[in-house]
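Model the full structure from these sequences, guided by the hints.
2 protein chains.
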Amino acid sequence: MTNRIGLFGFGVVGQGYYEIAKNDRPSLLPETIVVQNKNKERPHSLQLSFDPKDILNTPHDIGIELISDPIQAYDYVSSLLKSGKKVISANKKMLAAHLPELLELEKSYGGSLLYEASAAAGIPIITCLDCHFAGDHISKLQGILNGSSNYILSRLFQDDLSLSDAVKLAQEKGFAEADPTLDINGSDVSSKLTILSLHAFGRYIPENEILTIGVQHVHAEDVALAKSLGLKIKLIATVQRSQDGLSMYILPALVGESDPLFLVENEYNAAKVTSHNLGEQFFQGKGAGSLPTGASVYADLTKAIKGYAYSYDKLQGAKIKREKPLTASLEVIVSADTADALAPLIGQATIHQAQERYWSICTLATEDLIKHLPAIEANNVSIIALNGSVRQERILDSIQKLENVHLG
Amino acid sequence: MTNRIGLFGFGVVGQGYYEIAKNDRPSLLPETIVVQNKNKERPHSLQLSFDPKDILNTPHDIGIELISDPIQAYDYVSSLLKSGKKVISANKKMLAAHLPELLELEKSYGGSLLYEASAAAGIPIITCLDCHFAGDHISKLQGILNGSSNYILSRLFQDDLSLSDAVKLAQEKGFAEADPTLDINGSDVSSKLTILSLHAFGRYIPENEILTIGVQHVHAEDVALAKSLGLKIKLIATVQRSQDGLSMYILPALVGESDPLFLVENEYNAAKVTSHNLGEQFFQGKGAGSLPTGASVYADLTKAIKGYAYSYDKLQGAKIKREKPLTASLEVIVSADTADALAPLIGQATIHQAQERYWSICTLATEDLIKHLPAIEANNVSIIALNGSVRQERILDSIQKLENVHLG
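Quick note, the sequences are listed as chains A and B, same order. UniProt numbering numbers the first residue of the first sequence as 1 and each following residue consecutively. UniProt numbering numbers the first residue of the second sequence as 1 and each following residue consecutively.
No lab work stands behind these hints: they were computed from the structure. A couple of the hints might just be wrong.
[Said to hold, decoys possible] Here are the simulated lysine to any residue pairs, SDA-like style, with alpha carbons at most 25 angstroms apart:
#  : chain 1 : residue 1 : chain 2 : residue 2
1  : B       : Lys314    : A       : Ile305
2  : B       : Lys319    : B       : Ser79
3  : B       : Lys227    : A       : Glu257
4  : B       : Lys272    : A       : Phe262
5  : B       : Lys22     : A       : Glu257
6  : B       : Lys173    : B       : Glu19
7  : B       : Lys22     : A       : Ser311
8  : A       : Lys227    : B       : Lys227
9  : B       : Lys272    : A       : Thr274
10 : A       : Lys107    : B       : Asp24
11 : B       : Lys324    : B       : Tyr204
This is how it looks when you write it as structure tokens:
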């Protein structure tokens, strides 16, 4: 049976899928490709449509949505699901915002929705969470979920680049968007964490409820401090389950060499899942790029054709409720150019001076950090989680030594 | 719909599956359990059968085969498939030997056969290879596939235990069989590699064609040498694809700290898959134990009920042919108690003396190593692959230093 496939969008991911299908099974190429921009140069000599109705109002079996605008993406995906179609999407922002409604549409109209490429690009983490943890109880999920942030951190650590130079390089390599804000401020990660948590825990926490600090405030002195401790800084997304619910937070964290996340470099992503039956499972793979992301779309396509659909076992058939995360206490290193920038955040904790910066090691509640986010942003305050990797005394000692180096 | 489930065997893995089902969905507990040994004490107060016909000749929908005898296992699994049943097996020896026939039975009679627990226990590597690499071209697969060997190596490196003490400890912890030979001589790994290669490459290499050296000859001086180089020794299974076919080999190898396999300790397993579209994917999880292995059986059960079957995409619909691996050239460190034990193996390569042992660094063909296996076994010759991790000169230098330590 031939499947009539409609594709929305022909950017980096769409082209990756297209190239894979062309080389593997031309019958899985799209019959119709709808794009928005009539003037954009296109790499293939293809017949393109500019009218979404060419897919939505024309008999297609499968719709693949790979555009960047989440509002339009929701229109297309929900229309297709209302026609009972098989749909594939990679739009993390849209999915994180609308999964509750989309799942209802899937159920009501008998279609299916797959979206492996929306989180951790090439890693089959959604499929694994969905079908390999049956009867298991996941207690923790931790990951590196943004390829361009990780690439930037690798450049800071390996090549001593400045943050702005590293961002430029990530853009040149195609790992960061033209406007890299969503990448470096971690917003992209919170969408992914919302999606993964639904599969891992059967709970839906909208992304705007999650404490999210990206790599935008990581300072050269943070890098020097981590190095002096034999550690690295990674942008770590964490979900931890307790009896009362989930705590969730995304922020740069110190990682030690015995942690498999320590070895995740460049555009790679990773997820570490701790569960009762399986212990610690670890997945690592490319988290950005045309072919890795296109490969997940293509795998979804072959799965959709075979009738595969997510089972959402952890929901146990319940309707999705919007929830808030629990407050968590985080042990962090806070630093800024002025003591005044730290004071409102850290309460009674001591401030240390080193390398013309002001430092404090203290325990902060995610709830309070969320309240202070505008000030953190305005004052370029760096917040790095200790992540259980090292004792406070050792860090203080290293900060003092940074100071000696500078002042001595 | 209720599924009538029949279970063969109630050992470590069977009990793991049973416990998971009992806690999660009692409807997925077996209706019938057939065991062999009437006198064995059983941990649950269950009604057991001793007659396989209670499953084979009685209407069951799903058969789960978790016994150790591969011949009997083949009888049960093939009978069930001939009745068009859904079947789950964890019997790596049986599967590695009989997958070609079993796949034919699956096709002819419309049943299905899943066996995630047969390789790397808790890691969903078979499912991932089967459904996430559609349209991709895997060039290399490398893994740590035996939990007890890896546990033993961790004890040699972390606790300075002797090989025999480490084996005893692995048995006490339940990671090694009562007769640990299949674990420590790597034979268990070759079964797994045969199974994984079918899914990763669409090629069937019977396990007896694969060069297989386990951890049985790893010497305390090998451990000292690796440590002095900042490396570890892991039992690595490798499949490498070239235009002409697959080269495959299993032997202890030096691993450096930038390799994710470096961090795989204790009973954990791992697989590293290199492919055109996805780059390097890495999977790590528990490779032994009642719950991790039982969890893979349970995941298979829930997948089987949903109608999931392996697609064997890489076979592209072709019938399975038995093939031989290509010969590969391996750069190795060979050592033994006498120079005479080395001489027939290493040709013209130089022999060095250190710590009352004789060493040589040379390149050997897998084909030749297979021929010399009886002598390697008889003379307790240690063979460690360099695995691209370090230059010969540095190793020679370290061997000389071992010598100095000893003689100085």
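Evaluated hints:
no.: 1; hint: B:Lys314 / A:Ile305; verdict: 17 angstroms, holds
no.: 2; hint: B:Lys319 / B:Ser79; verdict: 21 angstroms, holds
no.: 3; hint: B:Lys227 / A:Glu257; verdict: 17 angstroms, holds
no.: 4; hint: B:Lys272 / A:Phe262; verdict: 17 angstroms, holds
no.: 5; hint: B:Lys22 / A:Glu257; verdict: 39 angstroms, violated
no.: 6; hint: B:Lys173 / B:Glu19; verdict: 19 angstroms, holds
no.: 7; hint: B:Lys22 / A:Ser311; verdict: 20 angstroms, holds
no.: 8; hint: A:Lys227 / B:Lys227; verdict: 23 angstroms, holds
no.: 9; hint: B:Lys272 / A:Thr274; verdict: 20 angstroms, holds
no.: 10; hint: A:Lys107 / B:Asp24; verdict: 24 angstroms, holds
no.: 11; hint: B:Lys324 / B:Tyr204; verdict: 8 angstroms, holds
The structure shown violates just one earlier hint, number 5.
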